[in-house]
Amino acid sequence: MNLTLILFIILATVAVVSAIGLLVSRNTVYAALFLVINYASVAVFYLLLGAPFIALVQVTVYAGAIMVLFLFVIMLLGADKLPKATVLPWQRPVAIGLAALLLVEGVFLFFQRLKTISTPLANPDAAVNTTESLRTLGMALFNQYLLPFEVTSILLLVAMVGVIVLTKKEKGEQG
Amino acid sequence: MTPSGLFSLVPLIVLLPVLGLLINLIFGGRMPEKAIGAVASTASGLAFVVAALLGYLLWIDNGLAVVIPFADWIHIGELNVAWNFRVDTLSVLMMLVVSGVGTLIHIYAIGYMHEDVRFKNDIGRYRRFFVFLNLFIAMMMILVSGDSYLMLFVGWEGVGLCSFLLIGFWYEMDTLGRPSWANSNAAKKAMIANRIGDFGFLLAAFTMFWWFKDLSFDGIFSQAGTVAAIAPGVILSITLFLLIGVAGKSAQLPLFVWLPDAMAGPTPVSALIHAATMVTAGVYLVARSAPLYTLVPQAQTTVALVGGITALFAATIAVGQYDIKKVLAYSTISQLGFMVAAVGMGAFVAGMFHLVTHAFFKALLFLSAGSVILGMERGHHHLLQHHGTQDKQGGHDEVFDPGDMRNMGGLRKQMPVTFWVYLIGALALAGIVPLAGFWSKDEILADAYIKFPAVFWMLLVAAFFTAFYMGRQVWMVFFGQPRHEAAVQAEESKPVITIPLMILAALAVLGGVLNLPGLHGLTNWLGHTIVGVEAGEFNFFVAGLSTLLALIAIGFSWWLYGRRPLLAGQKDPLKKLLGPVYTILERKYWVDEFYWATIINRYVDVSRFLANVVDGRFWHDFVHDRVIAGTYNWISKIVLDQRVDRQFIDAIGDGLGVLTKRISTGLRRLQNGFVRSYALAVLAGVVIILGYLILK
Amino acid sequence: MAGTIPLSYYLAISAVLFTMGSLGVLVRRNPLIIFMSVELMLNSANLAFVAFARSFNVLTGQIFVFFVMTVAAAEVAVGLALIVIIFRNKHSIDVDLMSNLKG
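Chains as they are written, first to last, in my numbering: chain A, 103 to 277; chain B, 4 to 699; chain C, 1144 to 1246.
Hints are computed from structural coordinates only; laboratory data are not their basis. All figures in this text were calculated on a predicted structure; none of them were measured in a lab.
Below, a sample of chain B positions facing chain A; criterion: calculated Cβ distance under 8 Å:
1) L686
2) A687
3) G694
4) I697
For glycine and all other residues, C-beta sits at the position ideal for the given N, C-alpha and C.
Isolated chain A, as found in the complex (with noise of 0.2 Å):
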């Protein structure tokens, strides 16, 4: 027992949680912030990785911009409790069947990979967690994966303008 692997416990037992709470809560601001704490133990599990700067934008993007985002909408929604569900009652019984399944699936897979997957992950050396990772990265970034970088620009572009068009409101039309 050392100490990492405690550390991974506490996180994923942290990860599960929050990941329940996001699925059961009826408060959709509740379920907002547990996705954030979700998002907070995956990123130390960047981290435990030996991906700082991931675990870093993951916070930043993820748990800062995206789900602020979230939560603007949802105080702009209103957070009302939905009235009971008034149509197809049986979905819920078989889509927890086959998230089962899935379960089940990825249990089996698990562990008929288990030879192939169970090679031990190195700590990650004190390299990875200085500046010369990042410099790596941004190298890797700029050379290598320029286009998809270049276009990924586009994307952010496109998303942009695609918003405020959708959400432009027509002449005339009531907000």
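Chains B and C: place on chain A using the hints.
Just chains B and C now, with coordinates in the frame of chain A:
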């Protein structure tokens, strides 16, 4: 047989009348009446000229028979029948009679039909009459000139057809022009009675073919002796079958019933066909078949008896008739009985002699009767013009019958020529010397006295009656006072009518010359053809007896009808005398009624049964409607329509539709528009694919 | 420090998170919650990427995660805008009411 070049003209006797009828048929519509009559009479006259020429050629050739081939007809197996013309004394005699008397009647008919079509109001029918008359002459010529029984039969049938056509000439109206089917019924009766006779003839022809393998005269007569030796019943049956034919065509018992009804036809028809020529075909047949008859004495006896009985029977009926033509009709039947009895006994010459003289005076009598009828009609016409539609005497115009002797009387003043020729004809028929009828009838009686006494007495009594009813007729028609206004106004007929009458009267007077005892002209003539004829001797006893009886009969008729002439509406004095017997005679022994009840109505019953039950109920209702149509309908409706079409095919068709609908209804539930179910579907797909990959 | 965490652990946690995310997508009726579950699924995938990147000792995985995050951000922006518009029209955010595709 030496065919002289001119003998080959013999087909003209048939072809000339055919040409005449074709000309009238094709061009008659554009020709005036006189021209139509002239064409027809010329055709008949030229045929007479050819016949006379043939007679002359035969005479200088000593009467040798000549056969002129004309056309090939039947060649089937063993049967070989050709259309040959036979020129021998017997056939030439008949040809002369037919064309000679026929031409005179054609000329008479020009005038007679001219008036008749105007009385009946159908001028366009004039042409048809002469077409039919010429057709008759052609057919009769085929009959007498045929060289085989089959050719004879062709002519036999042909004259039967013409008789039908001419009796029913005014098929849709009666004598006064009112709608009536009486004439067509009479024509039908003639056809049917003749047909029964033809049936007998055919049986004879079949038997002949079976035994002789040949139908020609020469062929059969040459083999007759041998066949008679082998199977005597054959000749007997042939002759008896032929007798049936004779009974039909020559109106003997029991098939005579058509002849009185045939008087419905125009008078020239009655004269030509039913007095002079067609009815004598039977006599000619027996004379021609002499070689066969002489082989079977039983047949001869039968024929003679039939003739004798018919003669007596018909003569008695004639006594009770009051229609001028009906008296003459029964007289014809009676005289035919004389002829048939004569040839039956084997007195062929006597029979043929009487045939010729009878043609003269009977045609004369009929034509004169026609003249009388025309005169009565003219008188009646005058009556209508002067007095309107109401009749002064007797009541309504509707029932005026121009031929009813009870309406006549005193016509010798109005119609003198007709009177004199009628008188000559009547005396000839009664057998008063020296007129033609005396010589011929007397020869028959003389022969019968020797050969067949029973028949002799029958014929003698019949001769008595003959004289009586002719006397009765003459007194009733020409003497006394007119019993009807129409008779008062009657007029003499035109020369075109009276001249043929006068010619015939001359023939009736002089006809006896043909076979005067001592000269035996006809006997010698016919002796060339008929084997075994003997010259008859003049029998004074018989002659005297018959003449005496005739004079007594005429006197008796004078006592009844001439002394105190009949007044209008008075009953026949004979009725008072004979009472119920007279009624029997007047009603013709109810022969027609008997036939109707026993044969015809039974036939109608059978026919009705066949039509209603067999054809109607069984054939139509059951077989057609229920079985065939019902089955078909059943197949169509139940099997095909319901089961196959509706239940099976429609089920398939509908089923496909229903199936598609159900599938679509089911599948439509997938498209419920809910995001959650779509997401579920997606995940389900993922799970399935993942599972597939795992399991692979 | 001894003991490293085998790759399989990370993959396990990733699978669990993914499953829970998919369940959330299916079961919840609030589109925002559904969206958040989608983000959860993306997140779990990111985790698997990074774990494999560490396992093979390459950076490719991390770069990929970078791009995933970018795209996720753009997608969230557009998606939320759509949800807002739908709310404008229907005045409710019940996903069950958006059944215009019913056919």
